[in-house]
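Enquirer: Quick note, the sequences are listed as chains U and F, same order.
Residues 1 to 58 in the numbering used here are what the first sequence spells out, letter by letter.
Residues 1 to 201 in the numbering used here are what the second sequence spells out, letter by letter.
Read the hints as simulated data drawn from the structure, not as lab findings.
Virtual Cβ for every residue (Gly too), placed ideally from N, Cα, C.
None of the hints are false.
With a Cα cut of at most 20 Å, we get these calculated EDC-like pairs of lysine to aspartate or glutamate:
id, chain 1, residue 1, chain 2, residue 2
1, F, Lys-48, U, Glu-51
2, F, Lys-14, U, Glu-43
3, F, Lys-48, U, Asp-56
4, U, Lys-54, F, Glu-44
5, F, Lys-14, U, Asp-53
6, F, Lys-14, U, Asp-50
7, F, Lys-48, F, Glu-16
8, U, Lys-54, F, Asp-12
9, F, Lys-14, F, Glu-57
10, F, Lys-48, U, Asp-53
Okay, the calculated bits of chain F under chain U, using three or more residues with CB under 8 Å as the criterion:
id, region
11, 9-18
12, 25-39
Label-pair ranges, simulated between beta-carbon atoms:
id, chain 1, residue 1, chain 2, residue 2, range
13, U, Glu-39, F, Ala-51, 20 to 28 Å
14, F, His-107, U, Arg-47, 30 to 38 Å
15, F, Ser-152, U, Lys-54, 41 to 49 Å
16, U, Asp-53, F, Cys-145, 33 to 41 Å
17, U, Asp-50, F, Ser-109, 33 to 41 Å
18, U, Asp-56, F, Thr-149, 35 to 43 Å
19, F, Val-147, U, Gly-55, 37 to 45 Å
20, F, Ala-6, U, Asp-50, 17 to 25 Å
21, F, Thr-149, U, Pro-40, 35 to 43 Å
22, F, Glu-137, U, Lys-54, 34 to 42 Å
23, F, Pro-35, U, Asp-53, 20 to 28 Å
24, F, Arg-55, U, Pro-40, 28 to 36 Å
25, F, Val-147, U, Glu-39, 30 to 38 Å
26, F, Lys-48, U, Asp-38, 24 to 32 Å
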Amino acid sequence: MADKKAMQALARKAGGPGKAKGPDWAQGLRQLYDSVVDEPLPENFTRLLDELDKGDNG
Amino acid sequence: MADVHAPSATADFKRELIAVLPHLRAFARGLCGRPDLADDLVQETMLKAWAAQDRFEPGTSMRAWTFVILRNAYLTDMRRNRFRADYDETVAERILTAPAGQEGPIHLSDMHRALLTLPPERREALLLVGAGGFSYEEAAQICGCAVGTIKSRVGRARAALGAMIEDGTIPRRSSRDAVAHDAIMDELDETVASRPHGRSA
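With the hints as constraints, model all of the structure from the sequences given.
Expert: Below is the structure:
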């Protein structure tokens with residue numbers, strides 16, 4: 001995804017001033033977020049959207 | 001008369017919404033800790049976003065737009081105590097388990113637990129900037145506050161997390177988190193009270 005690179009760049013910057021690389025935990029914060037982003041999307045989410053979509057049209 | 005629900009516009013909206021769902025789930029889980037409640041929050045957000053789709057401007061960030069909705073839903077739910085009652089035990093089992101006295105790499109569960117002890121405003125600021133990759137400006141727009149405020153919240157959140165991690169004082173017990181959670185709730189009540197209108201613009 002396009003903004004994933006941007007996210008990573010930002011997360012790298014996230015370490016704080018004067019440090020080339022953030023502390024390890026700053027990386028962990030992004031990993032925490034990404035670990036959820038990378039989970040397969042449960043079916044009930046797409047099902048809900050399909051129902052909403054049908055509701056609008058029908 | 002213009003048809004605001006033109007099929008192609010709706011299809012675009014739906015596609016974009018699906019694309020940001022994983023991010024909504026990640027943001028929600030960071031905010032409220034419990035995966036099941038986080039997913040409930042995302043579904044609530046989807047319903048609200050769908051109902052408000054006419055207000056979404058194509059070409060703008062769907063992720064930022066839906067984060068505002070999710071955030072407002074979260075604050076409202078927190079205020080109604082939805083997350084308060086069963087926070088303690090379940091979260092303790094599912095998220096707050098960490099190997100005691102471990103050395104070496106920081107586990108994600110440590111990170112999450114430390115994150116959950118932060119006051120909600122700092123937690124969300126850090127989630128948006130440090131995890132979600134939003135700029136300070138975008139995060140300020142999502143939270144409806146000044147850029148300087150976001151910078152300050154992120155700075156404080158980082159300092160608190162850094163200290164917790166470096167000192168090895170990440171809370172490990174649910175009882176300590178319950179105390180932290182009470183503090184969070186108090187601060188949140190004030191936050192919500194001072195900003196009565198959840199706006200999703």
